[in-house]
Each structure stands twice: as structure tokens, then as C-alpha cells.
Amino acid sequence: MYAKTMSISHVGYDPHRVEIEVDLSNGLPGCTIVGMAQRAVDEARDRIRSAFRNSNLNFPQKKITANLAPADLPKRSTGFDLALAVAILSASGQVPTQPQNTLFFGELGLDGEIRPTQDFFAVALDAPNGKFSTIITCPENVVNIPTSIGSHILTATHLRDVYQHLIGETALPSHSVPARLTVLDNQQIIDFIDIAGHEFPKRGLIIAAAGGHNVLMTGPPGSGKTMLAKAFANILPPLTHEEYIENQKIRSLCGHTLDSHYSRPFRSPHHTASLTSLVGGGTIPRPGEISLAHNGVLFLDELPEFSRSAINSLRQPLEEKVIAIHRANGAQVFPANFSLIAAQNPCPCGFLTDSSRECTCSAGAIARYAARVSGPIMDRIDLKIEVPRLAIDDISTTKVDGRICSDQIQKNVAKARYKNSERRKHASAAKNRTLLVDSLDMTPKAAALAASQAERLDLSVRAYHKLLRVARTISDLEASDNVGEDSVLEALQYFTRN
Numbered sequence: 013m014y015a016k017t018m019s020i021s022h023v024g025y026d027p028h029r030v031e032i033e034v035d036l037s038n039g040l041p042g043c044t045i046v047g048m049a050q051r052a053v054d055e056a057r058d059r060i061r062s063a064f065r066n067s068n069l070n071f072p073q074k075k076i077t078a079n080l081a082p083a084d085l086p087k088r089s090t091g092f093d094l095a096l097a098v099a100i101l102s103a104s105g106q107v108p109t110q111p112q113n114t115l116f117f118g119e120l121g122l123d124g125e126i127r128p129t130q131d132f133f134a135v136a137l138d139a140p141n142g143k144f145s146t147i148i149t150c151p152e153n154v155v156n157i158p159t160s161i162g163s164h165i166l167t168a169t170h171l172r173d174v175y176q177h178l179i180g181e182t183a184l185p186s187h188s189v190p191a192r193l194t195v196l197d198n199q200q201i202i203d204f205i206d207i208a209g210h211e212f213p214k215r216g217l218i219i220a221a222a223g224g225h226n227v228l229m230t231g232p233p234g235s236g237k238t239m240l241a242k243a244f245a246n247i248l249p250p251l252t253h254e255e256y257i258e259n260q261k262i263r264s265l266c267g268h269t270l271d272s273h274y275s276r277p278f279r280s281p282h283h284t285a286s287l288t289s290l291v292g293g294g295t296i297p298r299p300g301e302i303s304l305a306h307n308g309v310l311f312l313d314e315l316p317e318f319s320r321s322a323i324n325s326l327r328q329p330l331e332e333k334v335i336a337i338h339r340a341n342g343a344q345v346f347p348a349n350f351s352l353i354a355a356q357n358p359c360p361c362g363f364l365t366d367s368s369r370e371c372t373c374s375a376g377a378i379a380r381y382a383a384r385v386s387g388p389i390m391d392r393i394d395l396k397i398e399v400p401r402l403a404i405d406d407i408s409t410t411k412v413d414g415r416i417c418s419d420q421i422q423k424n425v426a427k428a429r430y431k432n433s434e435r436r437k438h439a440s441a442a443k444n445r446t447l448l449v450d451s452l453d454m455t456p457k458a459a460a461l462a463a464s465q466a467e468r469l470d471l472s473v474r475a476y477h478k479l480l481r482v483a484r485t486i487s488d489l490e491a492s493d494n495v496g497e498d499s500v501l502e503a504l505q506y507f508t509r510n
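For the sequence shown, my numbering assigns the number 13 to the initial residue and increments by one for each residue that follows.
Hints in this document: simulated from the structure, not taken from any laboratory.
Since this is a predicted model, take the numbers as computed values, not measurements.
It cannot be assumed that every hint is accurate.
Each computed SDA-like pair below joins lysine to any residue, with the alpha-carbon atoms no more than 25 Å apart [what the hints assert, rightly or not]:
#: 1; residue 1: K396; residue 2: V155
#: 2; residue 1: K242; residue 2: T365
#: 3; residue 1: K396; residue 2: A375
#: 4; residue 1: K242; residue 2: N349
#: 5; residue 1: K423; residue 2: D271
#: 6; residue 1: K431; residue 2: F212
#: 7; residue 1: K333; residue 2: A285
#: 8; residue 1: K427; residue 2: A285
#: 9; residue 1: K396; residue 2: A459
#: 10; residue 1: K333; residue 2: T365
#: 11; residue 1: K74; residue 2: Y14
#: 12; residue 1: K333; residue 2: E211
Using the sequences and the hints given, assemble the complete structure.
The structure is reproduced here in C-alpha cells:
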């Protein structure tokens, strides 16, 4: 007796259609699962046996062989439990043979309860591409699933409910309630209006937000670098629905709970983070922090304290907006289109540029500290900003009047991004940092100024292009159609400092 059900397995970012075949034959009763199943999947036989018994279903006293095809594809999700159980029910003649366009996904408890799996969002998102028109899973799995997902989703709380649905006794309810998605109220992150002084760094971060540029802030300890980075996350426009879907798939593949809001991700790994946790990896590659920051912000505090391999791993995503993880059996590519906000001290002790304290570092120590961040990485950073320490008197006497709140800045940033997208609606890239130089609409004087200053500063071709794009972003913020000399001069400030 033979039966087959269908499911999906992800290897890296890519989905693969999986056929779950079950064969019942004479022999010593038992259940064997083959097809490169990881331990969590292999243990399904014990969960399914108990679930059958506690659901008043007949577990066949036969030799049961279950094959997860293709057999050379790793499978690790406990979501295969439900598909395996239905295949066994079908092979033993307890339910009709199932159509190949129905996907079963859910973990089984010993009592037959269907439990949620954290990778369901990715499965549901890719189900239509796998020709699945119907998905059967538990209600907890669909809490934050938008109704725009192409497949029809039915929900069941217990294996017995699925059995009764398959024999036509009781129909399962449909998932028809849209996900309740909101924009977080400031995410409890610092508002720009609460930051005294630091007008130059704040202006730089506004430019970075408008054009999606990468930033390096340098300053002594306690000067406000981390505070500025956290405030930066609050001036970015909310995620679009398409971006939200992309981010939730990545979170699902990482086993994280789904977000119930459209706010952009803000990831801040510690400098002791391993290379794998930063870029992703593992036996079956999973996304890392740089992919979890996709469409959002990756904040690296104390940048030189990260391992050299971790810092250099940023070269590909900063340039190509993806990260490729290579293994012996192939490469997995994950999205990594983020804005890098990095912070560092000017020297190991941190007080090289501090007027109130004396630096105790030798010239060699300062040089070695600076060399921890390689030239190719520095060349990929668009804006370099000095963040000086503020005097207590400057903070206490600074008035709030005249400061702009993050909500207003966010609106200005959104307008600049919209102007950028309207100018380039037929281009494939989305932000000024990937904009073609010949479409920047620079005045002849501005172009000549940028070229002469780039030669004076000995900028690389990449850095020169970044200078032009930053100038284009400044013009967008000023609602100017052309890039003038003032925009180039302001952009130069972020290339001549630090």
C-alpha cells in the first residue's frame, strides 16, 4: 500500500518541493524515515505514533517506510509531521488519496495537537510557486500571515480535525482574517528632537536616510554615537508591503517570531559576534544578522573590535546587496540590502580627539587600531562623520525650539526618496547609492567642482561616484532638480573629515 503527500523544504533562501512517500508492507512493525531527514524530522515517527493513538486513529501494524524526495535534499523542519501523518492515513486506507496541490504543514504533539512552526511563513509564501493551491496548518501559524498569500489556507487544531475533514465529515475553517500590521510608535527609540547639539552628525544621518547611504561615525566614548544610530532608525520610512514580506521570510527561515508592524529592522550585533552569526551559515545555511537587517539598519558599534574576517565579509553585501554563503555542495544567496551605520573610537583609549582628556595611545597603537578596518571597507562607506563630545553646559543650555522631530524628518526623507524613485522609475536600482552617474543631472560647474576636488583628495573611482550620489541625495532633500555646487560642497564635508 502506497500514498504520497506534498510539502516544501528550504535550503538556504530557496524553496524546494518535497514529495512525502509512504509504503506499508509486511514485516516487523516499525517506521523508518529516509531521504536525508535531520534528527528533528526523524523523531517524527514517535510523535506520530502517539498522536494516532491519542486521536483514536489506527496506527498501522506494518513495516512503514517513509521517503522524503528528493532524497539528496536536507530536511530539518518539524512541519513535516502533519504531511507524514496524512500520508500514513492515506496509505492505510483510512482517508482518500490526497491531491498533489494540497500542502500539509505542522508539528504534531503526542496528544495529536497541531503546533506552530516558525518556518511556516516562508513555506506559505513560496507555496504558490510550488503549485500548491491549498495549505492545511494550525491557527497559530497564520496569525501574521497576510491574506495576499496566494494559497487558500485551512486551519486545524488537532490531527482528528484533519482526519474528519479528509473523510468529508467536518470541513475545516478558512483563514480569512488579515494580519493586523501597524507602524510602531517610535519603537521606544530616541527622537531627534531629544538630541541636543550634534547638528552636523544629525544632518549627515538625514542624508544617509534619504539616499540609503552607509555611515561611519567617529568620536570619543560617550559622545553620542550610539544614541544617534538609534535615532536614525526612527527617521526611515515604514516598510512597503513587499519589503515586509521579504523581511518576514528571512525571520521565518531564521526561526524568529514574525513582526506585527511595518517598522524597518534595526540589528545591532555585539562585536564578539562570530562570523557565522553575522553573515549566516551552518550545515544547512541560514541567514545571519546582515540578512535580518535587510531593508533596514545594521549598526556595528566599536567597528574595529569586530574580527577582521567579520569586517571584510561586508564587502560583498555593501556592494551587491546580497550575501553568498559557499559550501562544498553549492552556494546559497541571501538578500542583504541594508544601511550600514558603524561607530568607532578615534584610538584604542578613545580620547585622541577629546579636548577634555589626554590620549595615552602611542602612534603605533593608533595606526594598528585604524588598520583593523581595511581600505576596501572604508571605500564602501559613503559618509564619514565626526561626533565630538559635547560640554555639559552646551547640553543644558540648548533649547528645544528650532529642532525638528523624527516624524517630520521622516516625511522629508520619504519625499526625497519619492523624488529619487520618480526620477528613476524605469531603472532597476532603488536608491542613489546605485544610481548611474550619467543620470545625476549635475550642472557643469558642479560636475567640474566634484572632479577637481576628487583629484585633490585622491579619491578612488568608487569614492568619486559615492561623492556624486551623496550630492544628488542632498539636492533631493532640497527638492532641487539639478545638483548644484552647494550640494557638492556639502557632500565633500563627509569625505574630507575623519
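Tell me, in ascending order, the numbers of any earlier hints that this structure violates.
1, 8, 10 and 12
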